[in-house]
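*Asks:* One-letter residues, chain by chain:
There are 2 protein chains.
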Amino acid sequence: MPELRRDPVIGRWVIISSNRGKRPIDFQVHQEMPQGGTCPFCPGFEDKTPPEILAYYPAGREKNKSGWWVRVIPNKFPALEIEGELDRTGEGMYDKMNGLGAHEVIIETPEHGQHLHELAQQKMEDVIWSWRDRILDLKKDDRLEYIMIFKNHGSAAGASISHPHSQLIAMPMVPIRVKQEGDGSKNYYGYKERCVYCDIIHQEMAQMQRIVANNKDFIAITPFASRFPFETWIMPHRHSSEFQDIQKTEVANLAGLLKLVLAKHHFVLDNPPFNLILHTAPLKTSRLPHYHWYIEIIPKLTRLAGFEQGTGFYINPTPPEDAAKFLRDANAP
Amino acid sequence: MPELRRDPVIGRWVIISSNRGKRPIDFQVHQEMPQGGTCPFCPGFEDKTPPEILAYYPAGREKNKSGWWVRVIPNKFPALEIEGELDRTGEGMYDKMNGLGAHEVIIETPEHGQHLHELAQQKMEDVIWSWRDRILDLKKDDRLEYIMIFKNHGSAAGASISHPHSQLIAMPMVPIRVKQEGDGSKNYYGYKERCVYCDIIHQEMAQMQRIVANNKDFIAITPFASRFPFETWIMPHRHSSEFQDIQKTEVANLAGLLKLVLAKHHFVLDNPPFNLILHTAPLKTSRLPHYHWYIEIIPKLTRLAGFEQGTGFYINPTPPEDAAKFLRDANAP
Numbered sequence: 002m003p004e005l006r007r008d009p010v011i012g013r014w015v016i017i018s019s020n021r022g023k024r025p026i027d028f029q030v031h032q033e034m035p036q037g038g039t040c041p042f043c044p045g046f047e048d049k050t051p052p053e054i055l056a057y058y059p060a061g062r063e064k065n066k067s068g069w070w071v072r073v074i075p076n077k078f079p080a081l082e083i084e085g086e087l088d089r090t091g092e093g094m095y096d097k098m099n100g101l102g103a104h105e106v107i108i109e110t111p112e113h114g115q116h117l118h119e120l121a122q123q124k125m126e127d128v129i130w131s132w133r134d135r136i137l138d139l140k141k142d143d144r145l146e147y148i149m150i151f152k153n154h155g156s157a158a159g160a161s162i163s164h165p166h167s168q169l170i171a172m173p174m175v176p177i178r179v180k181q182e183g184d185g186s187k188n189y190y191g192y193k194e195r196c197v198y199c200d201i202i203h204q205e206m207a208q209m210q211r212i213v214a215n216n217k218d219f220i221a222i223t224p225f226a227s228r229f230p231f232e233t234w235i236m237p238h239r240h241s242s243e244f245q246d247i248q249k250t251e252v253a254n255l256a257g258l259l260k261l262v263l264a265k266h267h268f269v270l271d272n273p274p275f276n277l278i279l280h281t282a283p284l285k286t287s288r289l290p291h292y293h294w295y296i297e298i299i300p301k302l303t304r305l306a307g308f309e310q311g312t313g314f315y316i317n318p319t320p321p322e323d324a325a326k327f328l329r330d331a332n333a334p
Numbered sequence: 002m003p004e005l006r007r008d009p010v011i012g013r014w015v016i017i018s019s020n021r022g023k024r025p026i027d028f029q030v031h032q033e034m035p036q037g038g039t040c041p042f043c044p045g046f047e048d049k050t051p052p053e054i055l056a057y058y059p060a061g062r063e064k065n066k067s068g069w070w071v072r073v074i075p076n077k078f079p080a081l082e083i084e085g086e087l088d089r090t091g092e093g094m095y096d097k098m099n100g101l102g103a104h105e106v107i108i109e110t111p112e113h114g115q116h117l118h119e120l121a122q123q124k125m126e127d128v129i130w131s132w133r134d135r136i137l138d139l140k141k142d143d144r145l146e147y148i149m150i151f152k153n154h155g156s157a158a159g160a161s162i163s164h165p166h167s168q169l170i171a172m173p174m175v176p177i178r179v180k181q182e183g184d185g186s187k188n189y190y191g192y193k194e195r196c197v198y199c200d201i202i203h204q205e206m207a208q209m210q211r212i213v214a215n216n217k218d219f220i221a222i223t224p225f226a227s228r229f230p231f232e233t234w235i236m237p238h239r240h241s242s243e244f245q246d247i248q249k250t251e252v253a254n255l256a257g258l259l260k261l262v263l264a265k266h267h268f269v270l271d272n273p274p275f276n277l278i279l280h281t282a283p284l285k286t287s288r289l290p291h292y293h294w295y296i297e298i299i300p301k302l303t304r305l306a307g308f309e310q311g312t313g314f315y316i317n318p319t320p321p322e323d324a325a326k327f328l329r330d331a332n333a334p
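Protein chains in written order, with our numbering: chain A, 2 to 334; chain B, 2 to 334.
Extracted from the complex, chain A is given alone in its bound form:
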């Protein structure tokens, strides 16, 4: 079973996963799966994956057969596992616990070569609904503290299978960045009695310099202190700390804006590798006045992120005002 270990200085939890490649010889450069053919995420190969947890499909389709348009399966090489006891223990001064949790794959489309932004509006909405359905289901498990939904596109961004998919990791602790956002926004709220993210949206709407796109329910901006070139956040106008509180019309507007932003990135940056991360409140909280969920999209354009990772110290060569203008001006086809 994987193990969760806590850094004794910073308090950051790390998954030590021995299910995965681990000897020096295993660190070869990964090849992307060849297009088509033997991809286990393609229709017709449903028996090559663990049995599905959820799928959207027309009436009459048999489970684990083709015909679906969104399909959720357990990760074959999970970073965390759902069976077992939580069992938190010490090892001298160190803390650790069992790597209990869940690791799922959301196959976003049956079409191997399709990009997420190319999904039809309705299908994009269904990807968002599938994220929400899985969160609501896993939230029932009291051992879990946080659910992270993310997408790696392109091998440089960490994708090992090119068929469009996102991932979900449910974990028994709150990751450090989420904790920092919680603490930071709580401090701000304590001082101002306002949500810092709502204030960001107001200022961006007033300044008009870092807006990429906007609709009734969502705004896409390049944040003031962007760490990466073309880093983009999609934020709901309505204050809400939990993604799973999203309303039906909001899902439609999120799908539209997400398609638009990803199409602009694709067009301006020539199909960049990217990471998409859903930031939402920890599971055992509810309607926090200080926190505000959002989606972060980070194109992987520079390799210069080596030491930044170790230090939290970033050098961004593209001012977000310039990035926003490039994206705003792009008429993605």
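No lab work stands behind these hints: they were computed from the structure. Backbone N, C-alpha and C define an ideal beta-carbon position, used for all residues, glycine too. Take the hints with a grain of salt, since some may be wrong.
Stated by the list, open to error - Okay, the calculated bits of chain B under chain A, using three or more residues with CB under 8 angstroms as the criterion: (1) 2-8; (2) 42-55; (3) 125-137; (4) 173-180.
Claimed, not checked - Straight-line C-alpha distance at most 27 angstroms; calculated BS3-like pairs for lysine-lysine: (5) K193/B x K285/B; (6) K180/A x K141/A; (7) K97/B x K187/A; (8) K193/A x K97/A; (9) K140/B x K180/A; (10) K124/A x K180/A; (11) K64/B x K193/A; (12) K326/B x K140/B; (13) K64/B x K124/B; (14) K77/B x K124/B; (15) K180/B x K97/A; (16) K326/B x K193/B; (17) K217/A x K326/A; (18) K124/A x K97/A; (19) K180/B x K141/B; (20) K77/A x K66/A; (21) K249/B x K187/A; (22) K124/A x K77/A; (23) K140/A x K249/A; (24) K97/A x K187/B; (25) K140/B x K97/A; (26) K140/A x K124/A; (27) K217/B x K124/B; (28) K141/A x K187/A; (29) K187/B x K285/B; (30) K326/A x K97/B; (31) K49/A x K64/A; (32) K180/A x K97/B; (33) K249/A x K193/A; (34) K187/A x K64/B; (35) K97/A x K193/B; (36) K180/A x K187/B; (37) K97/B x K193/A; (38) K77/B x K64/B; (39) K180/B x K180/A; (40) K285/A x K140/A.
Since the structure of chain A is already known, use the hints to place chain B on it.
*Replies:* What follows is chain B alone, placed relative to chain A:
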């Protein structure tokens, strides 16, 4: 002039540098400088770099000519600049300041193709002395709060010139990871009245599972909650919060251990790209009882670090006990 911007939620400062590549078209894959020939860091090409700030050389050598064995120059494309006013201002709810600071390059050897671990003992010591000399000099500037010394080796780790060099960035604020380490270790000290890093060393010496190498003054370990495979820390046995307090015999023992650890990485991982980062206390502190300087070495083996960067959530496929054993057992030639 570059600009420093503060994230309003987390408090992380970011350098927005418009000296560097910035339009979408500028993000091409960088090529490494070809071996030999036109490398500006090679002897004989001293006029291709800004004038030197410091160099170690035999008597009789002329400044900015060949003959040196360590040479420090300003970075030609600095992330921060030494001229100008500090000028901290707001922009609505956001904070920013001028990108005041220094960005220097330490050329570690005149030999273009040499690896750092191949330096003779004396020459390796001189690289360490040059780091210290530059810190002591820059520390006089009251506008500066922190000096970060780091090395990127290999293009996958962010090096754009392959000639062996490290870098120094002096900045007018404390980076977030350093702040977190300061806060975390202070909390621990408040509770235990002991340095958390000293406790780590004691436990590692007792458990013997994560030691890579050890000598009278320094220990090399793979930390308990390693984020990356083969991540290695080199820590002084003697409690000291500031690297620049290092004593003469300690420099010799650090040079020896650094050569050994890098040789082991080179041998076991087949010349991996890596980042080396010196963690030391902020400039305006002195002899902190809770902080302890150390050197972190992170081989860049996986590309899976995309979303980890955004979340602070790491999955490490190699238990540090295994990594330490591989490194300990390796007889680097």
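*Asks:* Next step is simple, just say for each hint if it's right about the structure.
*Replies:* We went through each hint and held it up to the structure:
1. 2-8: holds (count 4)
2. 42-55: violated (count 0)
3. 125-137: It is violated: at least three residues are needed, and the region 125-137 of chain B offers just 0 whose Cβ sits closer than 8 angstroms to chain A.
4. 173-180: Holds: 4 residues of the region 173-180 of chain B have a Cβ under 8 angstroms from chain A.
5. K193/B x K285/B: Distance of about 25 angstroms is within 27 angstroms: holds.
6. K180/A x K141/A: Since the Cα atoms of K180/A and K141/A sit roughly 21 angstroms apart, the hinted pair holds (cutoff 27 angstroms).
7. K97/B x K187/A: holds (21 angstroms)
8. K193/A x K97/A: violated (37 angstroms)
9. K140/B x K180/A: It is violated: about 33 angstroms lies between the C-alpha atoms, which goes past 27 angstroms.
10. K124/A x K180/A: It is violated: about 33 angstroms lies between the C-alpha atoms, which goes past 27 angstroms.
11. K64/B x K193/A: The hint is violated at about 57 angstroms.
12. K326/B x K140/B: violated (39 angstroms)
13. K64/B x K124/B: Holds. K64/B to K124/B sits at ~19 angstroms (cutoff 27 angstroms).
14. K77/B x K124/B: holds (25 angstroms)
15. K180/B x K97/A: Holds, at roughly 24 angstroms.
16. K326/B x K193/B: Outside the cut-off at roughly 31 angstroms; violated.
17. K217/A x K326/A: Within the cut-off at roughly 21 angstroms; holds.
18. K124/A x K97/A: Roughly 41 angstroms between the alpha carbons, so the hint for K124/A and K97/A is violated.
19. K180/B x K141/B: Between K180/B and K141/B the Cα gap is close to 21 angstroms, so the pair holds against 27 angstroms.
20. K77/A x K66/A: Holds, at roughly 18 angstroms.
21. K249/B x K187/A: Given pair K249/B, K187/A is violated - Cα atoms ~47 angstroms apart, limit 27 angstroms.
22. K124/A x K77/A: holds (25 angstroms)
23. K140/A x K249/A: holds (20 angstroms)
24. K97/A x K187/B: holds (21 angstroms)
25. K140/B x K97/A: Since the Cα atoms of K140/B and K97/A sit roughly 40 angstroms apart, the hinted pair is violated (cutoff 27 angstroms).
26. K140/A x K124/A: holds (24 angstroms)
27. K217/B x K124/B: holds (20 angstroms)
28. K141/A x K187/A: holds (26 angstroms)
29. K187/B x K285/B: Holds: K187/B and K285/B sit about 16 angstroms apart, inside 27 angstroms.
30. K326/A x K97/B: Given that 27 angstroms is the threshold and the Cα spacing comes to 21 angstroms, the pair holds.
31. K49/A x K64/A: holds (14 angstroms)
32. K180/A x K97/B: OK: K180/A and K97/B at ~24 angstroms, within 27 angstroms.
33. K249/A x K193/A: violated (31 angstroms)
34. K187/A x K64/B: violated (55 angstroms)
35. K97/A x K193/B: holds (20 angstroms)
36. K180/A x K187/B: Between K180/A and K187/B the Cα gap is close to 19 angstroms, so the pair holds against 27 angstroms.
37. K97/B x K193/A: holds (20 angstroms)
38. K77/B x K64/B: holds (18 angstroms)
39. K180/B x K180/A: With a Cα-Cα distance of about 15 angstroms, the restraint between K180/B and K180/A holds, given a limit of 27 angstroms.
40. K285/A x K140/A: holds (9 angstroms)
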